[in-house]
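For the sequence shown, my numbering gives the first residue as 366, with consecutive numbering after it.
Just so you know, these hints were derived from the structure itself, not from any lab.
The structure displayed is predicted, hence computed values, not measured ones.
Using N, Cα and C, we set each Cβ at its ideal position, and we do this for glycine too.
Using C-beta positions, here's what the derived DEER-type ranges look like:
1. S377 <-> E433: 40 to 50 Å
2. E416 <-> K383: 22 to 32 Å
3. V375 <-> L418: 12 to 22 Å
4. E433 <-> V386: 36 to 46 Å
5. P385 <-> N438: 49 to 59 Å
6. L371 <-> D424: 17 to 27 Å
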Amino acid sequence: MPHPMLANIVASVTEFKKDPVGTVEAGYGEVVAVLNSNKPAFYCVPAARYEALLDYIDDLELAMAVKERLKANEPAVSARIVKEILKKTSRFW
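Could you put the whole structure together from the sequences, leaning on the hints where they help?
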């Protein structure tokens with residue numbers, strides 16, 4: 366049965382066990398899919414990419430809170446950062 370591959374770089378579990386750091390570095394900052402029996406067992410996400418992902422999630426949560434408050438007609442607060450976050454995340458609404 367086919368399995369979706371959510372990474373462009375793959376490694377086997379055996380390769381990962383032999384050299385985990387080298388496997389991550391081979392991805393050059395991208396996510397590495399680690400395969401077991403030719404199926405994705407897990408995805409190895411480099412620390413910088415993971416931190417960026419968490420920052421992005423925080424931005425989305427903030428933008429959703431702002432949007433809800435705007436819908437509730439609460440007093441507006443002019444803040445450049447809020448406008449930038451809304452602009453970045455508007456494609457999700």
